[in-house]
Amino acid sequence: MKAWQRNGILLAALLAFGATRLPLEKSLGDELRKDGLVPPPLEIGTRDKIGQTSSAVALGGLRTLVATFLNLRAFSFFQEQRWEDVADTFEMIVDLAPRTRYYWETGSWHSAYNAASYYINNSSMPSLRRKEAWRAAIYRGRAFLERGIRNNPGDWSLLSTLGFMLTDANKFPAFRDPDATFITAADTYQKAVDTGNAPAFVNRAQFYALARAKGRETEALALARALYADPKNRLPTLQALLLVLEAHENPALDTAKLAVELFGTPERALEALSGHWQRTRERFPVDGVASALGALEQTLAVPPEKSILNKPLQVPSGPDQWFSK
Amino acid sequence: MSSITEPIARGSHFNRILVIAGHAFTQLVRMKVFYFLAVFAVIAIASNFFDLPQHEGPESIGMNVLRSIKSWSLGTMTLFSVVLSIVATALLLPKDVEDRTLYTILAKPVPRFDYLAGKLLGVLILVFVSLAMMDVLMTVVLQIRSSMILTQQIAMAQAQGWPQDAIESLRAETAQHGPNWALQGAVFAVFLRASIMASLALLISTFSTSTLFTTIVSFLIYFIGHFQADARDAYLQAGQAGEGVFARMAALVFSLVLPDFQNFNVIDAVIEGQAMPLMVLVKLSLIGLYYALFFTIASWFVFAEKEF
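Residue numbers (the numbering used here), protein chains in the order written: chain A, 23 to 347; chain B, 3 to 310.
The set of hints was computed from the structure by calculation and includes no laboratory data. These numbers come from a predicted model, not from an experiment. Where a beta carbon is used, it is the ideal one built from N, C-alpha and C, also for glycine. A hint or two may mislead.
[Claimed, not checked] Pairwise CB distance ranges, derived in the manner of DEER restraints:
id : chain 1 : residue 1 : chain 2 : residue 2 : range
1  : A       : 29        : B       : 177       : 45 to 55 Å
2  : A       : 256       : B       : 41        : 49 to 59 Å
3  : A       : 256       : B       : 288       : 52 to 62 Å
4  : B       : 43        : A       : 24        : 46 to 56 Å
5  : A       : 293       : B       : 165       : 54 to 64 Å
6  : A       : 32        : B       : 31        : 26 to 36 Å
7  : B       : 100       : A       : 32        : 22 to 32 Å
8  : B       : 44        : A       : 241       : 51 to 61 Å
9  : A       : 286       : B       : 174       : 35 to 45 Å
10 : A       : 32        : B       : 186       : 28 to 38 Å
11 : B       : 248       : A       : 29        : 17 to 27 Å
Please model the entire structure based on the sequences and the hints provided.
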């Protein structure tokens, strides 16, 4: 056989072999992509940003390894407080490993917590610019986490992390409408509960968010009663909020009596409700708490100078205080 | 030399292939490739120390370390297996020519297919043994570390008053990141990809004139193989974006000639803690076998009439 004949046969066999495997590989590829077992193709922008060597390594089937390297690089940027670089690096990392919860949570945490705190304390910038940078960092952290949730819709932890961020007393003042923020947080926690994998505290966290949203008191009360039915949920915050919501529903309620029923003894009721009364930063409602405290103090013969109602309340600190000078 | 060639000349095809494979394996082991395992051990242990601080509850404590161990270990296995399969295969034929072993073997009644299949099998055994040893090391490190992390997680969850069902769910979630069958499947997928590369390098080496050429071309094909699916999709979806006939034909030829390695990226999903269904592994194995068989037969087709 002549060389050109042999090469021709080989080429034809190669093409025929390709034609037989092409539909098999296509079908397997579609199946893997549908099941989220193969990540989407790497964006051209990411290939450019990570550099030629890393790009070649990533395209050589080592995407998660490059993501690990970049995570180390992001940590160095974090130590140097180079927030833009931290954010850019995490954008690349999640392109490489979009199914890793850790990267979404850590990227969001760096922006919404570390960068935001940095701008609160950075005295080298004018207050207005610091405030805007603080707000932008929180918005970016939230947007990053929301993108992570869209990529991993069944992940309870990402949903719970977003709910936590939206109800954090240091974060929700960044959003224009606190009630809308609490409702979004409650909905997010509900989605986490709906995954069926979330621990019980997520359900309670959903209630704590809903209890703070004005106009949703009836819904919150129903949830509080349902949670209270399980003795494992009988924690001071939940018990105090149940009392508040019952008082909101029925303003004529004897809140002191209910408090003793909920907490067991007047002493425990006074301690728990005093704590609730002073938690001003979290914006928990306090309907009926003052009257309950007054009645309990009277029962326990607490002198007026020691009354919790006569102690100054903590001024809720927020952007107005942080960026006043 | 006769001690090597005598048993080759006798017996069935299978026996001959096994003898040649055993010889190729010994030949490669003498090149001290297993020294790499020491490097791997250092990498597997060092990957334990990338425990970066993070915002975490019991559910995520230490999870980054487990991912780091898997990512470093499987990444190193991929690099090692691909480099070894390409370089070892590229070396085999030229080395046998240089040592004149090839002439002695082919002078006996040894079918050329048996010779090629034996050489390829020798390389694959070497890659398999190396990966198995690395796998054992990775599994041990991962087992120790995941037990430590699980103890920490459970202590923290109990301190936070998590109910038992939530703790069990946490235990199951952590087990997904520890040593499990999906991880063993991922290691096998690494072996399958290396097997395809070894058989492809064998085909190239049958008509190549130098080891360097075989190595470079094989590596290029390896990298391009990770884009092959893009070309295939470009061909199948052609017309939607207004591509010309030439572009469509180029995409078709590209997808027919080059192997598709993108499906093997399922390894990344396992590193990220997902389970690999057994059926996926079976399909990948069949595809890998299909490639290896075709490339070996094609290598024989070229090698059969080659003059030395």
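(message) Within 45 to 55 Å: is that where the Cβ-Cβ distance between residue 29/A and residue 177/B falls?
(response) holds (53 Å)
(request) May I ask you to test the hint 22 to 32 Å on the CB atoms belonging to residue 100/B and residue 32/A? (result) holds (26 Å)
(request) Given the range 54 to 64 Å, decide if the beta-carbon distance of residue 293/A to residue 165/B lies inside it. (result) violated (25 Å)
(request) Indicate whether the distance between the beta carbons of residue 44/B and residue 241/A respects the range 51 to 61 Å. (result) For residue 44/B and residue 241/A the Cβ distance comes to about 58 Å; the hint holds.
(message) Is 35 to 45 Å respected by the C-beta to C-beta distance linking residue 286/A and residue 174/B?
(response) The hinted range 35 to 45 Å holds for residue 286/A and residue 174/B, with Cβ atoms some 36 Å apart.
(request) Take the C-beta atom of residue 248/B and the C-beta atom of residue 29/A, compute their distance, and say whether it sits inside 17 to 27 Å. (result) holds (23 Å)
(request) Please test the hint of 26 to 36 Å on the beta carbon pair from residue 32/A and residue 31/B. (result) About 33 Å separates the Cβ atoms of residue 32/A and residue 31/B, which means 26 to 36 Å holds.
(request) Could you see if the CB distance from residue 256/A to residue 41/B stays within 49 to 59 Å? (result) holds (56 Å)
(message) I want to verify a distance hint. Is the separation of the beta carbons of residue 256/A and residue 288/B within 52 to 62 Å?
(response) Holds: the Cβ-Cβ distance is about 57 Å, inside 52 to 62 Å.
(request) For residue 32/A and residue 186/B, compare the CB-CB distance with the range 28 to 38 Å and indicate the outcome. (result) holds (37 Å)
(request) For the range 46 to 56 Å, tell me whether the beta carbons of residue 43/B and residue 24/A fit it or not. (result) For residue 24/A against residue 43/B, whose Cβ atoms are near 53 Å apart, the range 46 to 56 Å holds.
Hint violations for this structure: number 5 only, all remaining hints satisfied.
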